[in-house]
Structures are given as structure tokens and as C-alpha cells.
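Those protein sequences? They're chains A and B, same order as listed. Going by our numbering, the first residue of the first sequence is number 1, and it counts up by one from there. Going by our numbering, the first residue of the second sequence is number 1, and it counts up by one from there.
Hints in this document: simulated from the structure, not taken from any laboratory. A few of these clues could be false.
Covered stretches of chain A (chain B as the covering partner; in silico rule of three or more C-beta atoms under 8 Å from a C-beta of chain B) [to be verified]:
{"id": "1", "segment": "16-22"}
{"id": "2", "segment": "55-62"}
{"id": "3", "segment": "186-200"}
{"id": "4", "segment": "205-214"}
Ideal placement from N, C-alpha and C gives every residue a C-beta, glycine not left out.
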Amino acid sequence: MKLKFGVVIFPGSNCDYDTLYALKDVLNQDAIFLWHKEHNLKNVDCVILPGGFSYGDYLRSGSIAAFSPLMQEVKEFALRGGLVLGICNGFQVLLELGLLPGAMLRNKNLKFLCQFVHLRVDNEATPFTYKAKKGQVLKIPIAHYDGNFFSPPDTIQEIKINNQIVLRYSDARGQLSEEANVNGSLESIAGLINSAGNIMGMMPHPERASEALLGSEDGRIIFESIINWKG
Amino acid sequence: MIDRKILEEHNLTLDEYEKIVELIGKEPNITELGIFSLMWSEHCSYKSSTIHLKHLPVEGENVIQGPGENAGIIDIGDGLAAVFKIESHNHPSFIEPYQGAATGVGGILRDIFTMGARPIVLQDSLRFGPLSTAKNKSVMEGVVSGISGYGNSIGIPTVGGDVYFNDCYSLNPLVNVFALGIVKKDSIFYAKAEGTGNPVLYVGAKTGRDGIHGATMASAEFGEDLEHKRPNVQVGDPFMEKLLLEACLEVTAKDLIVGIQDMGAAGLTCSTTEMASKSGTGIEIDLDRVPQREEGMTPYEMMLSESQERMLIVAKKDKVKEVQEIFLKWDLDAVIIGQVTKGGRLKVSFEGKTVVDLPVKAVIDLCPVYEREIQIPSYLESATQLEPLPQPENFNQAFIKLLSSPTIAEKEWVRRQYDHMVQVNTAFFPGADASVIRIKDTNKALAVTLDGNSLYSYLDPETGGQIAVAEACRNLACVGARPIGVTNCLNFGNPEKPEIMWQFQETIKGIAQGCRTFGIPVTGGNVSFYNDTEGISIYPTPVLGIVGMVDDIKQITGPAFKEEGDILILLGENKEELGASEYVKTIHQKEKGMPPQIDLEEEKRIHDFCLEIISLGLVESAHDVSEGGLACCLAESSFLSDKKTGLSVNLRDGIRSDAVLFGETQSRIVITSKNQNKQKILELAKNKQVKAAVIGKTGGDRIVISHGDAKLIDIPVDEALKAWRNAIPEIFAIK
Numbered sequence: 001m002k003l004k005f006g007v008v009i010f011p012g013s014n015c016d017y018d019t020l021y022a023l024k025d026v027l028n029q030d031a032i033f034l035w036h037k038e039h040n041l042k043n044v045d046c047v048i049l050p051g052g053f054s055y056g057d058y059l060r061s062g063s064i065a066a067f068s069p070l071m072q073e074v075k076e077f078a079l080r081g082g083l084v085l086g087i088c089n090g091f092q093v094l095l096e097l098g099l100l101p102g103a104m105l106r107n108k109n110l111k112f113l114c115q116f117v118h119l120r121v122d123n124e125a126t127p128f129t130y131k132a133k134k135g136q137v138l139k140i141p142i143a144h145y146d147g148n149f150f151s152p153p154d155t156i157q158e159i160k161i162n163n164q165i166v167l168r169y170s171d172a173r174g175q176l177s178e179e180a181n182v183n184g185s186l187e188s189i190a191g192l193i194n195s196a197g198n199i200m201g202m203m204p205h206p207e208r209a210s211e212a213l214l215g216s217e218d219g220r221i222i223f224e225s226i227i228n229w230k231g
Numbered sequence: 001m002i003d004r005k006i007l008e009e010h011n012l013t014l015d016e017y018e019k020i021v022e023l024i025g026k027e028p029n030i031t032e033l034g035i036f037s038l039m040w041s042e043h044c045s046y047k048s049s050t051i052h053l054k055h056l057p058v059e060g061e062n063v064i065q066g067p068g069e070n071a072g073i074i075d076i077g078d079g080l081a082a083v084f085k086i087e088s089h090n091h092p093s094f095i096e097p098y099q100g101a102a103t104g105v106g107g108i109l110r111d112i113f114t115m116g117a118r119p120i121v122l123q124d125s126l127r128f129g130p131l132s133t134a135k136n137k138s139v140m141e142g143v144v145s146g147i148s149g150y151g152n153s154i155g156i157p158t159v160g161g162d163v164y165f166n167d168c169y170s171l172n173p174l175v176n177v178f179a180l181g182i183v184k185k186d187s188i189f190y191a192k193a194e195g196t197g198n199p200v201l202y203v204g205a206k207t208g209r210d211g212i213h214g215a216t217m218a219s220a221e222f223g224e225d226l227e228h229k230r231p232n233v234q235v236g237d238p239f240m241e242k243l244l245l246e247a248c249l250e251v252t253a254k255d256l257i258v259g260i261q262d263m264g265a266a267g268l269t270c271s272t273t274e275m276a277s278k279s280g281t282g283i284e285i286d287l288d289r290v291p292q293r294e295e296g297m298t299p300y301e302m303m304l305s306e307s308q309e310r311m312l313i314v315a316k317k318d319k320v321k322e323v324q325e326i327f328l329k330w331d332l333d334a335v336i337i338g339q340v341t342k343g344g345r346l347k348v349s350f351e352g353k354t355v356v357d358l359p360v361k362a363v364i365d366l367c368p369v370y371e372r373e374i375q376i377p378s379y380l381e382s383a384t385q386l387e388p389l390p391q392p393e394n395f396n397q398a399f400i401k402l403l404s405s406p407t408i409a410e411k412e413w414v415r416r417q418y419d420h421m422v423q424v425n426t427a428f429f430p431g432a433d434a435s436v437i438r439i440k441d442t443n444k445a446l447a448v449t450l451d452g453n454s455l456y457s458y459l460d461p462e463t464g465g466q467i468a469v470a471e472a473c474r475n476l477a478c479v480g481a482r483p484i485g486v487t488n489c490l491n492f493g494n495p496e497k498p499e500i501m502w503q504f505q506e507t508i509k510g511i512a513q514g515c516r517t518f519g520i521p522v523t524g525g526n527v528s529f530y531n532d533t534e535g536i537s538i539y540p541t542p543v544l545g546i547v548g549m550v551d552d553i554k555q556i557t558g559p560a561f562k563e564e565g566d567i568l569i570l571l572g573e574n575k576e577e578l579g580a581s582e583y584v585k586t587i588h589q590k591e592k593g594m595p596p597q598i599d600l601e602e603e604k605r606i607h608d609f610c611l612e613i614i615s616l617g618l619v620e621s622a623h624d625v626s627e628g629g630l631a632c633c634l635a636e637s638s639f640l641s642d643k644k645t646g647l648s649v650n651l652r653d654g655i656r657s658d659a660v661l662f663g664e665t666q667s668r669i670v671i672t673s674k675n676q677n678k679q680k681i682l683e684l685a686k687n688k689q690v691k692a693a694v695i696g697k698t699g700g701d702r703i704v705i706s707h708g709d710a711k712l713i714d715i716p717v718d719e720a721l722k723a724w725r726n727a728i729p730e731i732f733a734i735k
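The shape of chain A in the complex, shown without the other chains (with noise of 0.2 Å):
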């Protein structure tokens, strides 16, 4: 079965070209362009926020992104219940959007951070990580300089009685250490998703590891779950 995906272009996006390629050329999927300055999701089924350097992330990570006209559109699809991800900065627009809870922090050695990681999936019952088994070690980039996560106690509280942790750094045997948890996020949280369980935050790229060539398909996981989501 065929999906329709909504890639979103901010000035400043960088992965755009590369998760249209992900779900396009290696998926098989329909998948299309969506411009930050018009108010059309052009009846897609699910929007993503790609990677990149929105508004070349002045002021703060994805926080001018939040404010173009076309995210108007993505909260009322989201709130409907329509499936939104977001990859890395796509992650940061969604913090500073409000449709997630928390906020980011520079990575705890004050570096950028481009190297393989090892993901657990804690939550294997969203439409993103449907395809993995509980506890299952992903392997998939990542690339940033803010994605240290962070929120006050009584949030993070919320968040893991809501189930909201869906992928924490781990090493290659699913184990959670001060060492794998390489940008010094609360809980080691790599992805996060609502509370309705519709919109998913990740620093993590999958669709840079959706082919052989490039080091690993783990990726491919996330990308399948949503295409073979049943709701």
C-alpha cells in the first residue's frame, strides 16, 4: 500500500531532499514537497518536519520555523489526530511548537554530534515504531548540536506515565548507559510522542539509514510503521 507524505521546506531545511529520496526512491511511496509559506497540505496523510537548519537556527533551534504560516495547518492535522514526525530539527519545531513536551539543550560535550548511534525501542506501539519488536536495538544517525533533552520533573513524571518515551540512546545490546546516552538527554530520550500517540519527535535520521550503502536500513523501520499503520 501506497502512502502520501508531505516533506516540509523551511529556508534553512537540509534533510528535505533526503527523506523525500528515503520514502520516494528506496520506499516506493508518494511523497511531496510542502512549502513553508503556503497554507496547503495538499491532502496528505502524513507530515514531516525534516532535518536541517531552519531559519539557520537563529535565536533557537526550530523556534522561528514554529511561526511560519504553513504550521498552522500542521497543528489543526495534528490535532485532528493526523500523523506528524519530526526528524531533528523537525523534532526542535514540534518542542517549540507545543505539540511536544520539553526542550532542548546543547549536547553535553558543547559539540556537533554527526555519528551512528544505537536506539532502544521502548514503545513499540505507535504508528512510528509499530514494525519493531520491544526492545529491539536500532541502529540510525545522528546529527545535531541541540539535542540534549530536557524538561522540569513533573513533565518527565507525565511523559513516562503516559508511556511517552518511544527510543532512548542505548548501546548495540539495549543497555542504558552515562556513555551511550551521547548528548546527555533526560532519560536518555531519543524520540518522544504525545500523549495521543500521533506526533513523534526523534533526533535520530532515519532516512539516513535507509540503504546498505549508507551503514545500516534501520531506519526503514520507522518508515514502514507509518506506511503499514492501521490506526
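Use these hints to put chain B onto chain A, whose structure you have.
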């Protein structure tokens, strides 16, 4: 009026000034003098290097564009072309490391997309002083984060490159940035200003006072007044460049413009005069229409500003609106500031008055060319003599020390600060000798590598030049790519010193011989002279950027061992050559001796052979032997393997043990093969007159290397790996 002091400030000699007056038939005003000072600077005019650069081979059947344009272009088949170039940003990177390096990235990228190509890969060749000083550490940290800050944001992967450390770079680090883009062969754009009456558009960022005299600064030695030069360094805005990139590529994809040129070094001056010069036309512009972000700028300041992220476009008269709409879509300025004229003059008006009126030809084409004096350096005689050295008492210790010397140690600390994966084309081969970038919608890939050992060049510049070419090509052969084109960045001291010019001449000789042997054209590059601070020159540092073609992407080979029990085969032979080696430098604290010698024909035979056995599917891994010699080469292949597979090697060469382990004899590649392919490889090698010998096999969890009956190295992989992996992070650890 123009006096000696003003001339000095503009880095022009009295002779040059007199020539200017003669050429333009009047005394230049200050703005006109500023224009000449930029365009006649070493940085823009190549006045000291031109006569030598003529010796480089520039022709080849795949060459679409050789030297002289923004970047070189090579036909890569499938209707596509590769556009690539390397450039230095040395001086700015010392004064202000972050911005210096960042704008270096921005500048080279504009050279690529101004030709209509989408940049797909960046590489950097970096040279720093030893990391034992806080200053050198902060320069390196700043440079790496500048490259990371700019390249990551704009979304072009920075993949690979090299980093060397030497005292000679303490006051003059080198930052050479390479970029490559892909363009459809039928939509390449050039810096042309054709068609009288066609409008000249200014697009991109607004003009400020930053970077005034940048090109002139790059054309003189540094003294102690460095701090004062900080305002000469431009400030980069990668977000603006990203918008500019997307808008320009949208414009060049349609039939809307005649020519386009970036405003890099020398800004408006360079772009207007070069475009007019190339088309034999003139240009007139009105400075009052130039978008400005500061008030009260003079014509002098506007013409000399090096504000970043700006382009000049000559549009087709009836397409201006469409061009402006595209830029508007990306929230960018696109303002008509003038037009193409007949008669070959640059005319600039400001507040209704003509402030510049110069013949373009005088500015661009009639710059003096110098045949500088040449003299063999006096240091050579003693520096090339290496006194007898004792062998290490403990080879394990020497080995660990070498592995943790920053030049050899793992550079993951650098690499992971760069987004090397964006654009999803980077083939996953950590630590590979060359970076491999897939070309989407084809079965092909391009491989890219940068190389240049300056200690070799210091001690024997001709050989250094040959080796730089040979080693870059060897890196390509190891991943399964054949070389198709070259760009070079030649970093030298003050060309007014005869000894520096000798180094330059000899280096060119060596590079030319190398390129001829491998049959590869030089399509452009960059000469960076005046790398001297407080009278001390850097070692001559040619950096060769060589692009290779992988015809079948499935055949890419990496340096990492695959399985236990694979056979280790050495292509080439070990010789007793210790001079100029990292071993002698690190263990014996000497930068002396003759560098390894090279037989280019033999080198080429080995590359061809390596490519042949890779294409026959006989090779599991391939890695070239370079700094640190055979021992370090073997260790790296082990470190990079998934299971940290060990090795056991026995060497029987009748030479010194330290030379066997750590010597840097050229023309050597270590491959691994399955046992059943061993015989076939050895037979093929015999037929091709390539020396090939089985030296051991992979397996176990130790690195064991014997020479004759003596076990010299025997150490757990983990222990050696730790030394190699932790050396650089430990230096930068926050304590």
C-alpha cells in the same frame, strides 16, 4: 594625493604604480587605486606563480573546463559533470579561526554553485602547530567548529580530509577547503557579461564594511600586529548562503541569465571586472543601488568590501522579473545595479558622480607578471643528512607512541563534528583512504582525497610533489577508484624570497611529473603565498585534491579487515628509508633526512593492479602505507574492523627493523584476500610485474609483527586501539 605611504598601505610598488598610471593615462583616485591593489595583489593576480603554473598538464579528453574559471569541470558520463576546486583560507583562520574557516567553506561553495552545480561534498586539509600549546589547541578547535558550523548548517557533507601537525604551522596554520558539485553538462554557467544593455543584478546579502583588504592581507607577510587585522576577516552566515544556493540553482536551472559570478575575495571589484574581461565588454554600476547594511559607506569601502554570501548576475533583459521572483521566494535581495556596456570600461557612479572609470583590460589582463629570483635553500645540505640513529629498545612502546602522535592518531574527534552524512550519498567506510560519494540515479560513485606531506616537500620539494600526487592516487586505488582530475592548493612562504621560489618551482615540477604519469589533468586550484609570520616561513605545503571515478559502486573497498584468517598481501616492497618519517620525528625528534624516493611508473603499475584485483572481486580490504609505515597501516585496518580483528605478520626483509615497521617507503598497499584467492593474486601480480608477497594473516585479538626471528610487536589490539583512539580526545578533554 597618492604618495608612498598610501602605496605601501595598498601593497603596491612604485613600479607597479607607474605602470598603472601609464595604462590608464591618468593618476588613479583612491577608489581606483584600491581596485588595482586588489586585482594586482598576489592573491588575485598570481603574478609570481603564473610562469611556473604553465608547466602543469591541464589537458585531457574529459576536461570541460580547465584552470581560469571559478572551478574546474570534468565530464563524468551520464550527461553529468563534476565541478571541483580547492582553496586556502590560511591567513584569516589564524587571526579569527572560527570565522576564517567558516568563510573559507562559504567561499569555495560559491565557486561551485556559481557554475550551476549543486555541491555534494566538502573536504578539508588542515595543518596546525603541535597541540602542546593552548594557542594551537584553540586555533584547531576554532577552525574545526568554524567548518562544522558553516558546512553542517548549509547541508553539504564534510567527508574526510587530512590533518597534520608541525611546528612550522604554529604561527601560520593552513586551512585548505575542497568542494565538489554535480551539474548537468548542458546547464553549466560561466562568469560572463555578454549582451550590451543586459542588466547587472546584485543578489544575496547586503554590503557592509567587513573584509576590506582581505585579498591584500593574504598577499603579505604577517608581523606582530595581527590583532589589528581581525576586522579584515569576514563574518559568515551559512543560512544566507543556503538561501543563495537554492535561489541560484533555481535560476540556473532555467534559461534566465547570461552569466553569474560570486563576490568572494575583492567583492564587487573582482566580480564586475572579471565578468567584463571574460566577455570583452564593459560594466557600469551605480553604488547608490547596492543594498547596504551600514550607513555612510564610501565608494572605496563598497568596492573593496568582502561581505560574504553575495553574487553578481547578468540577466537576460526580458527575464529580470522572473529572476527577481525566484530570489523573492527565498527572501533575498536581487537589485539591478547597472548594465553591460560596450567599450571595455568599468564605470562606477556614486551620488550622481562617476567615481571609477577604468579600462577593464588594465585591471585584469595587464597586471605585471614576475619571474622571481630563485636560489637553492642553504638549509638543505644539513637537513637532508640523517645521522645514524639507534633502534628503539622496546618496539611495542615506540609503536604505541607513534599511534598516539596526533598526525597518525584517529581523527574521529574532528570527523564527528562534521555532518558527513547529509545528502545520503556518503558510502559508509570510516577511516577509508578516500571518501566515496554515490552519484544518485547511476551505478557510479566519486572518490575524493586530499594529500600533501610538507616535511617531504621541505627536504625534497620535487619528490614531495610527486609523492603528493602518487599518494592521493594510491588512496583512490585502495577504494577502487581511478583518478580523473586534480585540483591543487599550493601553500608557500614569501615569493620574494629566492629560496621559497625554488621550493615552488621544484614542487610544480614534481606535481607535473606525477600528473603526467597518471594521465590526469590539473583543472585549477589556488596558490597561497606569504605564509610567513614574523619572518618564519611554513614548510612548502602542496595539497593535492584528486577526484576518482568508481565505475561500479558495488565494488568499493574499505581499509577494514573483514574476517579472521584472511591473507595479508603486501603490494610493493619495504626499503630502508627512514628520512623525513613520522617515526624519526616522533621517536627521535628529528625532522631530517631524505624523504622516501619514488618510481612513478612502478607506482602506477601497483595502482592499476590494485584496481584490477578489486574489480575481479579478489580483495577484501585495501589500505595504503603512509605516515607511520607498515605497522601503523596494519594496525589501522585492525582498528577499523567490526570485530577488532588482530593480525600476525612475519617480515623477512634484510633491512633495519625500524625501517621495516615504520619506514615510509612509497608504492605500497596492504590488501587482504580470502585464502582461496591468494594464488590467483600472486600469479596476476607476476604477470603485471608487480611485487606482491604474503606477509601474514588476520585473526586473534593481538597485533603480532615479527622481523626475521625477532618478535618486535606483540600487543593486544585493544591496547593499541586505545592509544590511537584516545590521543586527540584526551588533548581536548575538558578537565
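Going down the list of hints, with the structure as the test:
Note: the segment 16-22 of chain A has 4 residues with beta-carbon separation from chain B under 8 Å; the three-residue rule is met and the coverage holds. With 4 residues having a beta carbon nearer than 8 Å to a beta carbon of chain B, the segment 55-62 of chain A meets the requirement of three or more and the stated coverage holds. Counting residues of the segment 186-200 of chain A whose CB falls under 8 Å from any CB of chain B gives 0; the rule of at least 3 is not met. For the segment 205-214 of chain A, the proposed coverage by chain B is satisfied: 7 residues have a C-beta within less than 8 Å of a C-beta in that chain, meeting the threshold of three.
The structure shown violates just one earlier hint, number 3.
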